[in-house]
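Trainee: Here's the letter readout for the chains.
Number of protein chains: 2
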Amino acid sequence: MIGTAEAMSQRTTGKSGPEGTRPGTADTSWLDEVAWDAAGLVPAIAQDADSGDILMVAWMNREALAETLATGRAVYWSRSRARLWRKGEESGHVQTVREVRLDCDADVVLLRVEQRGGIACHTGRRSCFFRRFADGRWEVVDPVLKDPESIYR
Amino acid sequence: MIGTAEAMSQRTTGKSGPEGTRPGTADTSWLDEVAWDAAGLVPAIAQDADSGDILMVAWMNREALAETLATGRAVYWSRSRARLWRKGEESGHVQTVREVRLDCDADVVLLRVEQRGGIACHTGRRSCFFRRFADGRWEVVDPVLKDPESIYR
Numbered sequence: 001m002i003g004t005a006e007a008m009s010q011r012t013t014g015k016s017g018p019e020g021t022r023p024g025t026a027d028t029s030w031l032d033e034v035a036w037d038a039a040g041l042v043p044a045i046a047q048d049a050d051s052g053d054i055l056m057v058a059w060m061n062r063e064a065l066a067e068t069l070a071t072g073r074a075v076y077w078s079r080s081r082a083r084l085w086r087k088g089e090e091s092g093h094v095q096t097v098r099e100v101r102l103d104c105d106a107d108v109v110l111l112r113v114e115q116r117g118g119i120a121c122h123t124g125r126r127s128c129f130f131r132r133f134a135d136g137r138w139e140v141v142d143p144v145l146k147d148p149e150s151i152y153r
Numbered sequence: 001m002i003g004t005a006e007a008m009s010q011r012t013t014g015k016s017g018p019e020g021t022r023p024g025t026a027d028t029s030w031l032d033e034v035a036w037d038a039a040g041l042v043p044a045i046a047q048d049a050d051s052g053d054i055l056m057v058a059w060m061n062r063e064a065l066a067e068t069l070a071t072g073r074a075v076y077w078s079r080s081r082a083r084l085w086r087k088g089e090e091s092g093h094v095q096t097v098r099e100v101r102l103d104c105d106a107d108v109v110l111l112r113v114e115q116r117g118g119i120a121c122h123t124g125r126r127s128c129f130f131r132r133f134a135d136g137r138w139e140v141v142d143p144v145l146k147d148p149e150s151i152y153r
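Chain order of the listed sequences is A and B. Under the numbering used here, the first residue of the first sequence is numbered 1, with each subsequent residue one higher. Under the numbering used here, the first residue of the second sequence is numbered 1, with each subsequent residue one higher.
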């Protein structure tokens, strides 16, 4: 499923396509169907495809979504660094994408992924949602699995 | 867990509190910890607490989050109608909140909910994420469980 998007995404990514495809005629209407916000972004939720756990939420622009579908590897747009962020490029915690979904008003993307290393969060935890509301405060309830200093060398 | 938030949220919701609490001294620092965007909102993901399915994404302001925690029922901020949206107020598809989580940079809220009626989406489907990318297009893969015209009379 993921691979079939490759031909569609060439115009956006600027990559040369596989033999037999013609970038000039690529159909990118599926990208136009996404309700990009004023900054050209949509939020993307990464969900563990096996456990169903929500791992993280990040942003995508057209290029990030096109590359994600073309390569089967999660690519986001880093707002702080203002560049594409190929998840795992520093940490090795790559996300292999099994399925991509779009919601009813087309302004949120859902990725069902396999999380390499079992760690999605930059804090070294499995998920970014490690704080739970209890007794009037946000309580950390999930353990650090790996010291971030050893993840980002 | 949810009920304990009641005292904390009075100042925001303007409700009179349970006996023995004093609104004037309510601690709302947990609300200040949320990284509200420029419009005073954060995205909130509703996840089915049993199946793990992602049901929908909507927005919350301070009042919506405070009321959600005080009442144990999901309340969002409707951007289109510019008012609080007590999920299920028209459809009956109320969400009972079992757990509320916050992500690492405090700008996304996750609700684990019980979805009354088994329908979260205004299209009459279980989840808003009913389109899957396949063969270069977004394909509808989940069925309509109830005609929206019979939901919103």
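Because the hints were derived from the structure by calculation, they are not lab data. Glycine included, each C-beta is placed from N, C-alpha and C at the ideal position. Keep in mind that the hints are not guaranteed to be accurate.
What the hints assert, rightly or not - Negatives, chain B to chain A, calculated, CB over 12 angstroms: (1) 52; (2) 81; (3) 83; (4) 84; (5) 85; (6) 89; (7) 92; (8) 96; (9) 101; (10) 107; (11) 114; (12) 117; (13) 136; (14) 146; (15) 150; (16) 152.
Unchecked claim - Derived list of chain A stretches under chain B, where covered just means 3 residues or more per stretch with a C-beta under 8 angstroms from a C-beta of chain B: (17) 41 to 52; (18) 69 to 76; (19) 81 to 87; (20) 95 to 102.
Trainee: Now, for every hint given, state plainly whether the structure supports it.
Mentor: The hints, checked one at a time:
1. 52: Residue 52/B not clear of chain A: closest Cβ-Cβ about 3 angstroms, inside 12 angstroms.
2. 81: holds, 14 angstroms
3. 83: Non-interface label on residue 83/B holds, nearest chain A Cβ at 18 angstroms vs cutoff 12 angstroms.
4. 84: holds, 19 angstroms
5. 85: holds, 14 angstroms
6. 89: holds, 18 angstroms
7. 92: At roughly 19 angstroms from the nearest Cβ of chain A, residue 92/B sits farther out than 12 angstroms, so the non-interface label holds.
8. 96: Residue 96/B clear of chain A: closest Cβ-Cβ about 15 angstroms, beyond 12 angstroms.
9. 101: Its Cβ does come within 12 angstroms of chain A, the nearest being 4 angstroms, so this is violated.
10. 107: With a cut-off of 12 angstroms, residue 107/B comes too close to chain A, as the shortest Cβ separation is near 8 angstroms.
11. 114: holds, 15 angstroms
12. 117: holds, 16 angstroms
13. 136: For residue 136/B, whose nearest Cβ neighbour in chain A is about 5 angstroms away, the distance does not exceed 12 angstroms, so it is violated.
14. 146: holds, 15 angstroms
15. 150: holds, 18 angstroms
16. 152: holds, 14 angstroms
17. 41 to 52: The restraint on the stretch 41 to 52 of chain A holds, since 5 of its residues have a Cβ under 8 angstroms from chain B and three suffice.
18. 69 to 76: Since three or more residues must qualify, the claim that chain B covers the stretch 69 to 76 of chain A is violated, with 1 doing so at under 8 angstroms.
19. 81 to 87: violated (count 0)
20. 95 to 102: With 4 residues closer than 8 angstroms to chain B, the stretch 95 to 102 of chain A meets the three-residue bar; holds.
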